[in-house]
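Participant: Chain residues, written in single-letter form:
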Amino acid sequence: MKTITESTQALHEELVDQFGSAILGSEIQCEDQRVIVIDPKQSFEVLSWLKDSEVYQYDLLIDVTAVDYGAKKGVQVVYQLWSVNYKQLLRVKCPFPGPDLEISSVVELWGCANWLEREVFDLFGVHFSGHPDLRRILMPKNYSEGHPLRKDFPLRGRFSREKQTEIALDQSYEDYYRPEQLRDSLGPQKED
Amino acid sequence: MTTQRTIELPQPNMESGNMLVNIGPQHPATHGVLRLLCELDGETVIKIDPDIGYLHSSFEKLGEYRTWNQIIPLTDRMDYLAPLMYNCVYVMAVEKLMGLEVTERCKIVRVLCMEMERIFSHLLWLGTTAIDVGAFTPFLYAFQERERIYKLHEAFTGARITTSATRVGGMMADLPEGWTDQLKDFVYTFPDTLDEIENLLTRNGIHLGRTQGIGCIPADEAINAGFTGPNLRASGVDYDLRKDRPYYDYESYEFDVPVGTKGDCYDRYLVRMEEMRQSLKILDQALARLPDGRINVDDPRVSLPSKTDCMNDMESMIHHFKIVTEGIRVPPGDCYFAVEGSKGELGMYVVSDGGEKPIRWRVRPPSFVNLSVLPQLAEGHQVSDLIMINASLDIVLGEIDR
Numbered sequence: 001m002k003t004i005t006e007s008t009q010a011l012h013e014e015l016v017d018q019f020g021s022a023i024l025g026s027e028i029q030c031e032d033q034r035v036i037v038i039d040p041k042q043s044f045e046v047l048s049w050l051k052d053s054e055v056y057q058y059d060l061l062i063d064v065t066a067v068d069y070g071a072k073k074g075v076q077v078v079y080q081l082w083s084v085n086y087k088q089l090l091r092v093k094c095p096f097p098g099p100d101l102e103i104s105s106v107v108e109l110w111g112c113a114n115w116l117e118r119e120v121f122d123l124f125g126v127h128f129s130g131h132p133d134l135r136r137i138l139m140p141k142n143y144s145e146g147h148p149l150r151k152d153f154p155l156r157g158r159f160s161r162e163k164q165t166e167i168a169l170d171q172s173y174e175d176y177y178r179p180e181q182l183r184d185s186l187g188p189q190k191e192d
Numbered sequence: 001m002t003t004q005r006t007i008e009l010p011q012p013n014m015e016s017g018n019m020l021v022n023i024g025p026q027h028p029a030t031h032g033v034l035r036l037l038c039e040l041d042g043e044t045v046i047k048i049d050p051d052i053g054y055l056h057s058s059f060e061k062l063g064e065y066r067t068w069n070q071i072i073p074l075t076d077r078m079d080y081l082a083p084l085m086y087n088c089v090y091v092m093a094v095e096k097l098m099g100l101e102v103t104e105r106c107k108i109v110r111v112l113c114m115e116m117e118r119i120f121s122h123l124l125w126l127g128t129t130a131i132d133v134g135a136f137t138p139f140l141y142a143f144q145e146r147e148r149i150y151k152l153h154e155a156f157t158g159a160r161i162t163t164s165a166t167r168v169g170g171m172m173a174d175l176p177e178g179w180t181d182q183l184k185d186f187v188y189t190f191p192d193t194l195d196e197i198e199n200l201l202t203r204n205g206i207h208l209g210r211t212q213g214i215g216c217i218p219a220d221e222a223i224n225a226g227f228t229g230p231n232l233r234a235s236g237v238d239y240d241l242r243k244d245r246p247y248y249d250y251e252s253y254e255f256d257v258p259v260g261t262k263g264d265c266y267d268r269y270l271v272r273m274e275e276m277r278q279s280l281k282i283l284d285q286a287l288a289r290l291p292d293g294r295i296n297v298d299d300p301r302v303s304l305p306s307k308t309d310c311m312n313d314m315e316s317m318i319h320h321f322k323i324v325t326e327g328i329r330v331p332p333g334d335c336y337f338a339v340e341g342s343k344g345e346l347g348m349y350v351v352s353d354g355g356e357k358p359i360r361w362r363v364r365p366p367s368f369v370n371l372s373v374l375p376q377l378a379e380g381h382q383v384s385d386l387i388m389i390n391a392s393l394d395i396v397l398g399e400i401d402r
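Taken in sequence, the protein lines are chains A and B. Heads up: the first sequence runs through residues 1 to 192, numbered per the working numbering. Heads up: the second sequence runs through residues 1 to 402, numbered per the working numbering.
Certain hints may be false.
The list that follows gives simulated cross-link-like pairs (lysine-lysine, BS3-like), each with its CA atoms no further than 27 Å apart [as the list claims (entries may be wrong)]:
#, chain 1, residue 1, chain 2, residue 2
1, A, K87, B, K262
2, A, K87, B, K281
3, B, K357, A, K151
Residues on chain B that point at chain A, a partial pick, calculated with CB under 10 Å [stated by the list, open to error]:
#, residue
4, S58
5, I223
6, F227
7, L232
8, D244
9, Y248
10, D249
11, G333
12, D334
13, A338
14, V351
15, P365
16, V369
17, L371
Distance ranges between label pairs, derived from CB positions [unchecked claim]:
#, chain 1, residue 1, chain 2, residue 2, range
18, A, S7, B, E221, 25 to 31 Å
19, B, D292, A, K163, 56 to 62 Å
20, A, K73, B, K281, 45 to 51 Å
21, A, K2, B, D298, 31 to 37 Å
These are calculated hints, taken from the structure and not from any lab test. Please read these numbers as outputs of a predicted model, since none were measured by experiment. Yeah, the Cβ is synthetic: ideal placement off N, Cα and C, and Gly gets one too.
If we strip away everything but chain B, and leave its shape as in the complex, we get (with noise of 0.2 Å):
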């Protein structure tokens, strides 16, 4: 015979006949380490507190006690979505310091690999965010594309995630041979693939009717909210870096800067879509401009001496000694530098006191701050459209906690 037990279950604090939910940090939907404590009332959401920190590794503290080129690592770890990207911005603020100007042939490397890096981010963004609205098939399509772009990344660096590709004055090597033909292969058939993604997505009923409406920001809240990218753009704000404050002779190219009305999850949606064919436009242009020549700037602050001179002359010798050892170094003054990311706009700002270290080296998340605008836009809305909304705005958690 068995006496009954009475289990006391721990009750929850229903005062006000609400509920909270923790959904996260360990949640597919939330796209990374990311914690959202949710108030609700039925479905309904009534308050947010994103809680991040998770992943912080303090990559700007450590950035204080490395050379300035020892911290290119720390800087594709921040956006393991787009490395070559962040690899790229870094630099070009510390040659900007150092008013460097960079051979022409790494110039249009470096455009290429940013356009690169804006569709191969991009093409998880659309990826993860079809499957939050229950859309499986684009995820596969994506990632099947996402891999050729790997291949390249590897092909290039010999990593596919952590590039680590530049160096203040040029970048770590050359491209290999047959590279910039796999990207045009990939530049001519990856709009097959696209369309065929679009044709799944753009005018699909319940693609539509989960985005359409759903989080809206109008272009002033938006402004002062700080949105930038294509958040921003899909709000009706035509600012985009690459025409606004044109680095790279991005206005020499010819391309489109796609615009949205309402500033909903669908807009934002339409824009990084055509977003990704505008970088394939940019892409051909800047294969066809290619050029031949150094991609290493021959300037004696930054460029080791070749072994022969080093072999036969005691300057050259002492040069390359120094260099290695010490590192470079950077004139005193500060710069913030920014270019159009693929989440919105990426600045770093970098400090110097002429040393071989910086004072100071931040990074201008984008990411974090389209994040502290979603208590903003999904408070009043339904749990489902909150994971819309999030998938939406397009985060990385490496580069918001950093």
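Extracted from the complex, chain A is given alone in its bound form (with noise of 0.2 Å):
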């Protein structure tokens, strides 16, 4: 049985064999969980290759969720995969090195990365390319006031309480109950 430092080693060095250059480091947090951080421009390939790897096998997608550092550290995705084989977590950060928030979508891999990464984009403004269905989840549809979770975001709201009040009466019920809704809301991309 290798220990945790030794398989997270030995994991490091076989992302950087097959993704050199995309794989940013390793740690062990709270002693038994294993991270790898990874350069987000990249992260799709290497998801998928841990997914499909046959020595690791992370087919369960736990979470994509992302963290907001401040100004200095910027934002992170973070997704927490298992095996349901092998029984083994890992957890994969992607740190954007600037305020470009742009990494690649995964429901193609996991189907439920849909909704999750459409709660990340809504509170945090990531941009999940490739994703089929990319809108607000948990804030209303005409929210404009931003992104909620991150750092720079008061946590009363940009606007002020009559501004709020004004915008929510602004809304009509056909804005919501109408049958083209359904249409808008699906997209084109789920028609068959």
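Join the two chains, each given in its own frame, into one complex according to the hints.
Facilitator: The structure is reproduced here in structure tokens:
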């Protein structure tokens, strides 16, 4: 039985062999949690390798989320993977180097990424390229104050209370309850 | 004499001949404030778009403005059907990040709480799902039993739903006198009610007709869709965190993990029914093990010095003052900790920079991921099956919207 440090090191070396400079590092958190840090530009290739690799088989995507560390360290997208066969947990972090938050969507690999990525887009403004249906999920669709979980977003929102009430009252029922909405909301991708 | 008046009715857009039906947000069959936008061809569901966010309270944002212990009241407001479980898993994640080992008594008390909540949550699912297929009696039986757990909540925490019973390093208080006897009484008498409910449903022709072969999902698709918990196990995947990633000595308890075969609504029903029985087994073993001793850990990072020390010794008083006014500090790092929740893998991802407030507190919501599979499961079925499939997923909107 390999120790957690050895197995993380082995995975790190194997990934570096495959992807070279796209692997930024590896760490162990809380004594037994393995973390791999990768470049968001090549995240799709690395994640699909981790999913399909015979040795690792991370076939269950548990979570997609993001962390905003504030102005200095920026935003990270964090994936939690689980291998049903080998019973291993892995955390993959993709730190964005700058303010440009663009990463490949993994909906093709895991169906459950659909809503999870929509949530990250809604609350952090991370753009998942290749996502079939990237729109707001928790906030209202006409929400115009930005992305609430970013550190520069004030707790009570960007607009004044009066402005927020005004926007809420300006909505009409027809914006929400009409047959065309189904077509709008489901988007052209889903029609077959 | 009256003149005839023509009333102009708004004409729906019927180009394709399909109809748009809007189920919810206020509808008992959606089990919360969920809106399902459905396109129907006669009785057949063509497309569904679940619209969520009606209960969004931005708990995760609020958490970034609170100290570590102040977040606990937010956690039970997410899943009001299993509040103690959310209290427990949040502090377990923070303790893991701090490297804090709680006392043996505290561990067993939390196991008792979590298994009790599994039954508590499954009972609500059982009652409301039975109503959705037209069986009213199981609802009454289930809610009578739930009331007994509510009483246990109240005796322990003083609240029925918003329990907020845990603290980092222990519990809010020790168990009150006689509480374990009440719980024992529940553990020994509840199987009778469960048998009665099973008599009413398990071989009931109407129930079988409404659930068998409805909303099937095979194992590989269920994994791809991110199912966890009873929903995944109904599809035949044996993934239970209590066995696969054991915490709190679950490996030393004797219990089975029920697994289904087809992954239809009926399998999901059977898996949950059996899980309640297995939870009773765990409760019985945990009650037998419950040791005496301290419930709160004695660690200067989280626990308050005794009142006597504060009155006699300057350092203790400063220490007391610091913990109360500033809150506890958690070392920098991040931690993902998950337990087998009643609805699936319930995880907490906490990120700290060493301060008294988290940088990020993320809840891995099991029902959120489970609900996202609803369109895949229900499209092509009848409207009445849509109601059954939605019920069989066991969602709670407080946690989906957060």
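Participant: Now tell me, hint by hint, if it's right for this structure.
Facilitator: Okay, the hints, checked on the actual structure:
Of the supplied pair hints, the one linking K87(A) and K262(B) holds, its CA atoms being roughly 23 Å apart against a limit of 27 Å. In summary, the hint linking K87(A) to K281(B) is supported, as the alpha carbons are separated by about 25 Å, within the 27 Å threshold. The hinted pair formed by K357(B) and K151(A) meets the criterion: a straight-line CA distance of about 13 Å does not exceed 27 Å. Hint on S58(B) holds. Least Cβ distance to chain A is approximately 6 Å, under the 10 Å limit.
A least Cβ separation of about 5 Å between I223(B) and chain A falls short of the 10 Å threshold, and the interface hint therefore holds. About 8 Å separates the beta-carbon of F227(B) from the nearest beta-carbon of chain A, less than 10 Å, and the hint is met. The beta carbon of L232(B) is positioned within 10 Å of a beta carbon in chain A (closest approach about 9 Å), and the interface hint is therefore held. With a cut of 10 Å, the hint placing D244(B) at the interface with chain A holds, because the nearest CB-to-CB distance is about 5 Å.
About 15 Å separates the beta-carbon of Y248(B) from the nearest beta-carbon of chain A, more than 10 Å, and the hint is not met. Look at D249(B): its Cβ only gets to about 16 Å from chain A, farther than 10 Å, so that hint breaks. Annotation: G333(B) was flagged as interfacial toward chain A, and the flag holds, the nearest CB pair being 5 Å apart, inside 10 Å. A least Cβ separation of about 6 Å between D334(B) and chain A falls short of the 10 Å threshold, and the interface hint therefore holds.
The restraint placing A338(B) at the interface with chain A holds, with a minimum CB-CB distance near 8 Å, inside the 10 Å limit. For V351(B), the interface hint holds, since its Cβ comes within 10 Å of a Cβ in chain A; the closest pair sits about 5 Å apart. A distance limit of 10 Å between C-beta atoms decides the matter here; for P365(B) the minimum to chain A is near 9 Å, and the interface restraint holds. Below 10 Å, beta-carbon pairs count as interface contacts, and V369(B) has one with chain A at about 5 Å; its hint therefore holds.
Taking 10 Å as the C-beta cut-off, the interface hint given for L371(B) holds, the closest approach to chain A being about 8 Å. One distance hint, 25 to 31 Å for the beta-carbon pair S7(A) and E221(B), holds here, with the actual separation near 30 Å. A hinted range of 56 to 62 Å holds for the C-beta pair D292(B) and K163(A), which are about 59 Å apart. Range check, K73(A) to K281(B): Cβ separation about 47 Å, and the 45 to 51 Å hint holds.
At about 35 Å, the beta-carbon gap between K2(A) and D298(B) stays in the expected band of 31 to 37 Å.
Of the numbered hints stated above, those contradicted by the structure are hints 9 and 10, listed in ascending order.
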